[in-house]
Amino acid sequence: QVQLVESGGGVVQPGRSLRLSCVASGITFSNYGMHWVRQAPDKGLEWVALFSSDGHTIYYVDSVKGRFTISRDNSRNTLDLQMDSLRAEDTAMYYCARGRGGFTNYYFDLWGQGTPVTVSS
Amino acid sequence: DIQMTQSPSSLSASVGDRVTITCRASQSISRYLNWYQQKPGKAPDLLIYTASTLQSGVPSRFSGSGSGTDFTLTINSLQPEDFATYYCQQSYSIPGTFGLGTKVEI
Numbered sequence: 555q556v557q558l559v560e561s562g563g564g565v566v567q568p569g570r571s572l573r574l575s576c577v578a579s580g581i582t583f584s585n586y587g588m589h590w591v592r593q594a595p596d597k598g599l600e601w602v603a604l605f606s607s608d609g610h611t612i613y614y615v616d617s618v619k620g621r622f623t624i625s626r627d628n629s630r631n632t633l634d635l636q637m638d639s640l641r642a643e644d645t646a647m648y649y650c651a652r653g654r655g656g657f658t659n660y661y662f663d664l665w666g667q668g669t670p671v672t673v674s675s
Numbered sequence: 002d003i004q005m006t007q008s009p010s011s012l013s014a015s016v017g018d019r020v021t022i023t024c025r026a027s028q029s030i031s032r033y034l035n036w037y038q039q040k041p042g043k044a045p046d047l048l049i050y051t052a053s054t055l056q057s058g059v060p061s062r063f064s065g066s067g068s069g070t071d072f073t074l075t076i077n078s079l080q081p082e083d084f085a086t087y088y089c090q091q092s093y094s095i096p097g098t099f100g101l102g103t104k105v106e107i
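Protein chains in written order, with this note's numbering: chain A, 555 to 675; chain B, 2 to 107.
Since the hints were made in silico from the structure, they are not lab data.
What you are looking at is a predicted structure, and each value in this text was computed from that prediction instead of being measured.
No residue lacks a Cβ here, since even glycine has one placed at the ideal position from N, Cα and C.
Among the hints, a few may not be true.
Short derived list, chain B residues pointing at chain A, Cβ under 8 Å [unchecked claim]:
1. 55
2. 56
3. 67
4. 78
5. 88
6. 97
Distance condition first, Cα-Cα at most 20 Å in a straight line; then the derived DMTMM-like pairs of lysine to aspartate or glutamate [to be verified]:
7. B:43 with A:663
8. A:597 with B:106
9. B:40 with A:600
10. A:597 with A:627
11. B:40 with B:82
12. B:40 with A:663
13. B:43 with A:616
14. A:619 with B:2
15. B:40 with A:643
16. A:597 with A:616
17. B:43 with A:596
Examples of chain A residues lying across from chain B (beta carbon under 7 Å, computed) [as the list claims (entries may be wrong)]:
18. 601
19. 615
20. 659
21. 660
22. 663
Starting from the given sequences, assemble the full structure and let the hints guide the process.
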């Protein structure tokens, strides 16, 4: 079955850390760039990070640079997001998504169900 | 970063209506524009990529057009399952910024 399944979300205090994981099945994981996209409660979508399929390129949205680290393990078909120094504004549903295309003209054709992160004291 | 402006933010329509949603980019993005549909409590689904290419399995009543800075998503003969929120996303550069969404309500 072709799917992405996220885990690791929860409630955490400001300044603390959380690690999200996304496990892919039914796809050749190593062939695709993988992304994290988040959605704050009752808000729109925000792209967060990318790990390219060739393993050489990583991008982050400015608001998480220096705090979040994206990684992948192709042997385990897993994409992770290490989130440090969490802030209230990081509260969101976090989705992993499969990217098609390159660094231009890309799109997300497979999404996980999301894992919720709440940053609150 | 490229800013994406969607309009309207919400609209009311009836089954069978034709609905048009627009998306404007803050700079030219060629045809690198995607459309997603999201239903409450669900992940987004890809509808259209590269401005006008219909994703496999998406009904033909959905269509997209545009280039440069102005883009349109059209839904012909709105069906009950089409009531959802629609987002545009530019893929000209990273970060792939999204519009704020258009909620299509009954």
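Violated constraints from the hint list, given by number and in increasing order: Hints 1, 3, 4, 10, 13 and 15 contradicted; others consistent.
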